[in-house]
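Residue numbers (this note's numbering), protein chains in the order written: chain A, 24 to 390; chain B, 145 to 412.
No lab work stands behind these hints: they were computed from the structure. We put the CB at the ideal spot given by N, CA and C, even for glycine. The reader is advised that the hints may include incorrect statements.
[As the list claims (entries may be wrong)] Okay, the calculated beta carbon distance ranges per label pair:
no., chain 1, residue 1, chain 2, residue 2, range
1, A, P365, B, F269, 28 to 34 Å
2, B, I387, A, T368, 38 to 44 Å
3, A, P365, B, R376, 35 to 41 Å
4, B, I210, A, P340, 54 to 60 Å
5, B, G270, A, D207, 51 to 57 Å
6, A, A375, B, V242, 21 to 27 Å
7, A, G282, B, I210, 23 to 29 Å
8, B, E186, A, H133, 37 to 43 Å
9, A, D110, B, F327, 51 to 57 Å
10, A, G247, B, W198, 15 to 21 Å
11, A, G282, B, R376, 52 to 58 Å
12, A, V52, B, F390, 27 to 33 Å
13, A, T169, B, L170, 32 to 38 Å
14, B, A209, A, G282, 39 to 45 Å
Below are the chains, spelled out letter by letter.
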Amino acid sequence: MLSSIHTRARPSTAAALAAAVLLVALGLVIVGCGSDKRQVKLMYAGSLIVPFEQLAAEFERSHPDVDVLTESHGSIQVLRHVTELGDRFDLAVSADEQLIPPLMYDRVDHETGEPYASWYCTFATNRMVLAISPKSPLAGELDARTWYRRLTQPDVRFGLADPRFDAAGYRALMLLQLAEREYDDPYLFEDMMMGRFTTPVTVTRNAGGVDVIEVPEILETQSGGNLVLRGASIQLVALLESGDLDCAFEYESVARQHGLEYVRLPSSIDLGEAGRRADYRRVEVKLDFRRFASVKPVFRGDVIRYAFTIPANAPEPGLAGELAAFLLGDDGRRILEEDHQPVLTPPRLDNASAAPEEVRRACGGSR
Amino acid sequence: MRGRRPSLFWAACAVAGAILIAFVVLPAASMIVGAGAGLLGEALRQDDIRRSLWLTASAALIATAIAFVVGVPLAYLLARRDFVGKRAIEGIIDLPIVFPHTAAGIALLTVYGREGVIGRLLAPFGISFTETVAGIVLAMLFVSLPFLVDTARETFALVDERYEHVARTLGSSPGGAFLRVTFPQAWRGVLSGAVLMWGRGISEFGAVVILAYNPKVISVLTFERFEGFGLRAAQPPAVLIVIVAFVVFLVARTVLLPRRGRSRKDAA
Numbered sequence: 024m025l026s027s028i029h030t031r032a033r034p035s036t037a038a039a040l041a042a043a044v045l046l047v048a049l050g051l052v053i054v055g056c057g058s059d060k061r062q063v064k065l066m067y068a069g070s071l072i073v074p075f076e077q078l079a080a081e082f083e084r085s086h087p088d089v090d091v092l093t094e095s096h097g098s099i100q101v102l103r104h105v106t107e108l109g110d111r112f113d114l115a116v117s118a119d120e121q122l123i124p125p126l127m128y129d130r131v132d133h134e135t136g137e138p139y140a141s142w143y144c145t146f147a148t149n150r151m152v153l154a155i156s157p158k159s160p161l162a163g164e165l166d167a168r169t170w171y172r173r174l175t176q177p178d179v180r181f182g183l184a185d186p187r188f189d190a191a192g193y194r195a196l197m198l199l200q201l202a203e204r205e206y207d208d209p210y211l212f213e214d215m216m217m218g219r220f221t222t223p224v225t226v227t228r229n230a231g232g233v234d235v236i237e238v239p240e241i242l243e244t245q246s247g248g249n250l251v252l253r254g255a256s257i258q259l260v261a262l263l264e265s266g267d268l269d270c271a272f273e274y275e276s277v278a279r280q281h282g283l284e285y286v287r288l289p290s291s292i293d294l295g296e297a298g299r300r301a302d303y304r305r306v307e308v309k310l311d312f313r314r315f316a317s318v319k320p321v322f323r324g325d326v327i328r329y330a331f332t333i334p335a336n337a338p339e340p341g342l343a344g345e346l347a348a349f350l351l352g353d354d355g356r357r358i359l360e361e362d363h364q365p366v367l368t369p370p371r372l373d374n375a376s377a378a379p380e381e382v383r384r385a386c387g388g389s390r
Numbered sequence: 145m146r147g148r149r150p151s152l153f154w155a156a157c158a159v160a161g162a163i164l165i166a167f168v169v170l171p172a173a174s175m176i177v178g179a180g181a182g183l184l185g186e187a188l189r190q191d192d193i194r195r196s197l198w199l200t201a202s203a204a205l206i207a208t209a210i211a212f213v214v215g216v217p218l219a220y221l222l223a224r225r226d227f228v229g230k231r232a233i234e235g236i237i238d239l240p241i242v243f244p245h246t247a248a249g250i251a252l253l254t255v256y257g258r259e260g261v262i263g264r265l266l267a268p269f270g271i272s273f274t275e276t277v278a279g280i281v282l283a284m285l286f287v288s289l290p291f292l293v294d295t296a297r298e299t300f301a302l303v304d305e306r307y308e309h310v311a312r313t314l315g316s317s318p319g320g321a322f323l324r325v326t327f328p329q330a331w332r333g334v335l336s337g338a339v340l341m342w343g344r345g346i347s348e349f350g351a352v353v354i355l356a357y358n359p360k361v362i363s364v365l366t367f368e369r370f371e372g373f374g375l376r377a378a379q380p381p382a383v384l385i386v387i388v389a390f391v392v393f394l395v396a397r398t399v400l401l402p403r404r405g406r407s408r409k410d411a412a
């Protein structure tokens, strides 16, 4: 038997083929190196992927000489990419406005000696829901009164975003703790979290004060614990669609964008009602970073507010301003609303005097 | 007899080789140096890194063992027999190499996930491939089996069939001929294919991360640390697995390296 290593082609044919392939490869490299479009780099929280990809496409259509490069991660990751990984983006969008001051105002860019950002613009809101997989037997079974008891049962696999990397993660933990008051079940949090992690997530209740949830630095799910953790909440959607999750804590906009059935939770816990701020502020999440950060991040429960900023080291601040104005203008608002992302009208600026002119104008003048 | 031109040729080969070696050594060395001995020692003391290293190495070993049991017979068949569709089969065996890793993970999820054809079949027995070690083994097996099968096939092909025929005329069964004549001559090549497969398995990320993000293999842990905690946190686990793999490869090569003239040619 002839071994397959003995080629049947004649040497000269093989050589010609190899030469042709090499030439094509070289050609592609040369062609790829030339691009005269201006680029604006957009880094945003994963839950915005549907509206923001549409936003990028429409911006490119109305600005044919511009390429919008997009990347998405969990909200904490989004900002850390700028401040710790040294990535340079024109627009950074977070699902939690309260992340920007500690992660960007208080961090100084070594190259410039300036903070990475000194203003932000709040433009959208959301609420947390319990999204259900279309393939799960739970579809139709869960409701706003009984979901939490069902979730503690061993046959239910639910998903959570990693609270260390994604705002949706710590928001889900806050939700669970707030649920104790709502459903008058003082053990709800523990019942839900018991046996799920190798190093447990704990809660310290301060009667009359703020309950503190502590997340260990190394957060690993226990095998067989029936809890699935993902770095960004949007990654749970694929698992819901494939049926590998029964349900997951998601933003309402995301559940609606993907046509997922969901349980609408009481507004005292879903972090979506402006009037309920006082309730939400009764819980906070502390990330117990020991080895890798000198600061232990603390997040206080609050209404969900999406915000963006143009980092001080943005490569194309002019284009960034145009994109921001596009987002805050009629087109952006239309796209967000079409995709079930509730818009904040008017958008609000933090430290408006530091914001560029176009953004201030789009927010309706100063303040 | 060597004239001037042949030595220029060899010099050119050496230069090209040196460039390639430098290309590989530079990033590896910069990572190892960047991590530093202190950081590495510290990393070994970290529970999650140790567990991940062990998980990664052992899952890849299990995958390799499975591929060995199922793949060696196939490799032998492909080396010895001609049949309709043989070229297609060989192409299919190589398919996992061209599959983008995340696509492979998704493909495996649709079959072995909770709602997949096989996933649903095995669920009543308590077997799950998502978020489990079984899923990790499955992903590693899928992406790296071509390395074992292809290498084994080439090795078997190099063993002279005549020896098997002789064994048969002396009364051996085909299986016996394989075990007592072919395999003893081919085992080094097959084992080197297994080592290659193991190495490919421990480095897999895309397919594993889709099926089983947890428990974390070293590539997923490194990625998570990089994303979550920055470069300094990501270097130790990455460097450790590179060192472990390098040591394994070195040992395997020195043990398995066929001495000239043995096991590859007909030594009458």
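Structure-based check of all given hints:
no.	hint	in the structure
1	P365(A) x F269(B): 28 to 34 Å	violated (46 Å)
2	I387(B) x T368(A): 38 to 44 Å	violated (57 Å)
3	P365(A) x R376(B): 35 to 41 Å	holds (39 Å)
4	I210(B) x P340(A): 54 to 60 Å	holds (55 Å)
5	G270(B) x D207(A): 51 to 57 Å	violated (36 Å)
6	A375(A) x V242(B): 21 to 27 Å	violated (53 Å)
7	G282(A) x I210(B): 23 to 29 Å	violated (39 Å)
8	E186(B) x H133(A): 37 to 43 Å	violated (25 Å)
9	D110(A) x F327(B): 51 to 57 Å	holds (53 Å)
10	G247(A) x W198(B): 15 to 21 Å	holds (19 Å)
11	G282(A) x R376(B): 52 to 58 Å	violated (42 Å)
12	V52(A) x F390(B): 27 to 33 Å	holds (31 Å)
13	T169(A) x L170(B): 32 to 38 Å	violated (59 Å)
14	A209(B) x G282(A): 39 to 45 Å	holds (43 Å)
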